[in-house]
Amino acid sequence: MSSRDKIEPPVIKKKIGTRHPINQTKDFLLNLLSKNGFQEIQGPEIESEEFNFDMLNIKKSHPARQMHDTFYVENKRRVLRTHTSPVQIRSMLESNPPFAFSSAGKVYRKDDDATHLPMFHQVEGIYVDQGVNFANLKDLINKILFSIFGEQVEIRFRPSYFPFTEPSAEVDILSENGKWLEILGCGIVNPIVLNNCNIDSKKYSGLALGLGIERIAMLKYGVNDIREFYKSNLDFLDQFK
Amino acid sequence: MKFIYQDLLNLLKEKPSKESLSKKLFQLGHEHEIDGDIFDIEITPNRGDCLSLIGLTRDLNNFYQSDDPYEIYDADIEILEFDFKNLAFKSCPKISFLEIEIDENISPYKAYLENYFSKLGNNKTNFFTDISNYISYERGQPTHCFDRESITNDLTFNNRSCGENFKTLLGNEIKLEGKNCVFAIDDEIVSLAGVMGGESTACSTNTRKVLVECAYFNPEDIIGKAVKYNLKSDAAHKFERGVDIASQEIVLRRFVSIVQDHASIKSLRMNSFVGNKIKERYLPIETERINKILGTKLTTDEYVNYLAGLGFEIKDKIKIPSFRHDINSQNDLSEEIARIVGYDNIKSIPIKLSHNLEKEQYRIHMIEDFFVENGFSEVINFPFTEKEDKKSILIDNPLDSNRKNLRVSLKDSLIENLLFNERRQRDSIKLFEISDIYLNEKNILQEKKLGIIISGRLGHNHEDFSKKLNSNYLNEILNLKNNISVFNIEEIPRENLKTKRKEKIFYTEILVEDIPSEFFKNIKLREGEINFVKYDPVSEFPSSTRDFSFSINNLVEYNSFISHIKDFKDDNLKDFFIFDYYENEKLGEIKVGIRLVFQSPAKTLSDDDIQKSIDKILKPIIDLKGVSIPGLEFK
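Residue numbers (the numbering used here), protein chains in the order written: chain A, 1 to 241; chain B, 242 to 876.
The set of hints was computed from the structure by calculation and includes no laboratory data.
One or more hints might be untrue.
[Claimed, not checked] With a Cα cut of at most 25 Å, we get these calculated DMTMM-like pairs of lysine to aspartate or glutamate: (1) A/K13 / B/E663; (2) A/K14 / B/E704; (3) B/K810 / A/D235; (4) B/K827 / A/E8; (5) B/K832 / A/E176; (6) A/K106 / B/E682; (7) B/K689 / A/E49; (8) A/K76 / B/E461; (9) A/K179 / B/E260; (10) A/K76 / B/E682; (11) B/K645 / A/D113; (12) B/K259 / A/D172; (13) B/K351 / B/E260; (14) A/K60 / B/D475.
Note that this is a predicted model, so its numbers are computed, not measured.
With the hints as constraints, model all of the structure from the sequences given.
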C-alpha cells in the first residue's frame, strides 16, 4: 500500500455533445461572408410567389414554378421557399445601396432520391453598389473558395444560367482525383431584379453568389451520402465534435 | 443532348481535338461528358438555340469557324393549296407545311442518317419519321409528319380547353386537361402540338405521302405539357426553350434534300401561314457599359467582332439573331462577350465593401453551445408529417400522403430520433433541435422553437452509469440553475410508441423568444475555427457489448491499469468506458467495471471475432501483477 496516496478514482471527462454538421458548416460560411463585409439577414421559409419567383425574374412559365418542382401551400397562394434569395429581395426593398447581405437557411424542392432531398440548406450573398462588376465577383469568389479549400485550390468559372443574374457563372474546383466539382453559382445581379427592388440599375450594379451547404459539408467532412445528415444518428453526429 | 464528335467536326473548318473542343465547350458554358465519340452536353435552358449540330457549332464559330455544309433543296416548290385554319396565331405565329410523295423504293440510309441511329442509339421508326428525328438533331427544329392519306378534312390548329382522351403515336392513351395546343380534324384531336402526334394520323413503314408540319410554338403554351402527360418528347424540350422563328422553310427544304438522297420524289408542295409580321430586335452598341459590367477594357472592335462571330448583325446598332431568344439587354450581351473572352481570362479586381459590419445576433448560437456543453447532440429534421393538427399547414402537392402537413411541433420528430437511436443500441440519449415552425392562424404564423428530449442513462462514467436521465436532470440544468421556470418538462408515455425499452422519456419545447435573459447569463460562446474532421462511415451492423469487472489487489499497479485502459485499441472496438469503480479500503482492493462495445464496419461480429479482440485488448492489463477478472479464466 505504499502508493495509497496516489489512488484516485478514474477521471470523469465531461462528455460534450455536437452541433449539427450542417449548422457548423452554415456558420463557417456565414462567418466567411461576414469577414468579407456581408451582414446576415433572415426571412421566412413560407414565401409568396412574388418574392420567391416574380421579383427574381423567374417567369410564370419557368419550369421551376411547376407543381413537380416546388411545394405549394394555401391553395397555391404560397410556396416553401426554393432558395434563400427571397430573403435578399425583402431586405433590398427596405435598403438603399450600398449594402452587402448574406442569408442562410432551409430551402425546399420537390425532390427525394439518393442525391436530392426535399429540404436542404443554402447560403447566399448579395452586394450592391456603384460600379460592382464581374471582375469584383471573381475576386470575392476566389477569396471565399481559398478560405474553404485552401489557396492551392484550382478554380474554374463556367458560364451558366440563372434568371436573376446576368452574366451568370458556375464555379468548379479541381478535386484530388482530377475531376472538376461544381461548388457554387454566382453572377452579376440582373438589372431587372434591381429595378424590381426599386434600385436604379443605371446607377447601381450588384454581385450575388449562392452555395449549397450540404455540398460543402460533404466535401469538407468526406460524407458521401447526403441522407446521412438527416438520419439523426448519434453514431454519425458524434463524429463532428 | 448527345452529339457525335465527327458530326461536329464536319461543321467546323478547323478540326479541334476532343480535348480542345471540350475546353472550349466548357468556356462557352456547355457542361458535358465525353463517352468515346459522343459528347453528352447539358445545354442550359436559356440556350435552346444550341440544341442542334448547327446551333452548337454556330456557338463555337469564334474559335473554329463554323459552316453549314448540308445540301438545301433550292428549286422552286409549288404552293400547297391546303385547307388549314390557324385559330391561335398567338400560340403559333408561324407554321409551314410540306406535302411530299415518293416512289415505292427507299434506298439504304446514307452515312449521316445511319450514324444518327447507330451511333446515338436512336430507334428507327419509318422513313419520314426517321428524317424528322434526324433533322431535329441537325437543325434544332422539330417537325411532325402526318400520313397524308389520313388527313381527310380541314386541319385546324387551336389553343383550347380539352377534356377528351388522346392516343399518341406511341400508343399512350392520355386524358387531356385544361388548355392545350392541338391540331384537329373535324374537331377530333390528331396531334398534341409541339409535344407528340396522334396514332390516327401517324406514318407507318408503308407511308409514301406525308404532310410535314414545321412550326414555331410559343414556349409558354408548350411548357410543362410533356411532364403533365408523362410523355418523353424531344420536340417539347426544344419548343419549350424556343426554336428559330425564321428557320421553318429552310428546314422543310432540307427535309426535301434528305428525302431526295434516298427516294424519287413524285410530287412536292409547300406553304407557310404567318400571323403578324415578326419583329426584328435591336440593342445599341455600348462598349463602355459592357466593360463596366465585366470590369474589362475591351475595344469596340473586339466587342463587335465577338458578337458578329456569334451571328449578330452589326451596323450602327446590334441586330439580335432570330434564334437568340435569351438576348434582351446589355447584361445579356456582356455574358456573350465574357463567354468568348473566357470567364477565367477576366482578371479579378478586389472589391472594397463600404458596408459597416454589425455584430451578429448570437442568441441561437448560445443556446446551441449550452446544449453541446451539456452533452446534447443537435439534430435537424424534415418538417413534413402525416399528422394533421387544426393549425397544420397543408401542402398542396406533397411528395406522398405521409408528408402532406407541415409539423406544428418538434416533439414527434424528436421522439422518432430518440427511438431510432434506441434501436441502434444507444442507451443514453440527449437531443435538441432549433427550428422554425409554421402555423395556420389568421395569417401564417412563424415561430422559432427549441425542442429537447432525453432518455436512458445519465452518462457512461462510473458515477452516472446507474443513474437515469429524468425530469429532475432537465429541470436542474434548464430552470433551477438559472432561477427560471419557463421550461415545462413532460414525460412522454411509451405505451403508444413501438418500443420495448422501459426508460422514461422526458421532453420540453419552448419558443426561443420565451427563453429569458437569465438563461444566457452563464453561457460562454465556444470560440475557434470549425474543425472539419474526416468522417468515418457509420456501420449498419449490430454492436455487441461485453462487461468486465476487474479486481485490483496490488494497488501499485492501479495507475498502470488506468493508463492501459486509455490505450485500448482494436479495429472492432467502437467504444469503451469505466462504468463502475469501488475501493474497498479494508481489503486493499479496487474493483473497476469496464464496458467494451464492439462493432465492425463490414460485418456482424461473431462471438469468436469478439473474443479475439477481447484477448488482444485485455491481455496487457491481465498480465499486470494483482489484476484479475474474478470468475473468468483468461487465455
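Status of each hint after checking the structure:
no.	hint	verdict
1	A/K13 / B/E663	holds (23 Å)
2	A/K14 / B/E704	holds (12 Å)
3	B/K810 / A/D235	holds (18 Å)
4	B/K827 / A/E8	holds (16 Å)
5	B/K832 / A/E176	violated (51 Å)
6	A/K106 / B/E682	holds (22 Å)
7	B/K689 / A/E49	holds (23 Å)
8	A/K76 / B/E461	holds (19 Å)
9	A/K179 / B/E260	holds (14 Å)
10	A/K76 / B/E682	holds (17 Å)
11	B/K645 / A/D113	holds (18 Å)
12	B/K259 / A/D172	holds (20 Å)
13	B/K351 / B/E260	violated (29 Å)
14	A/K60 / B/D475	holds (22 Å)
Hints 5, 13 from the earlier list are contradicted by this structure; the remaining hints agree with it.
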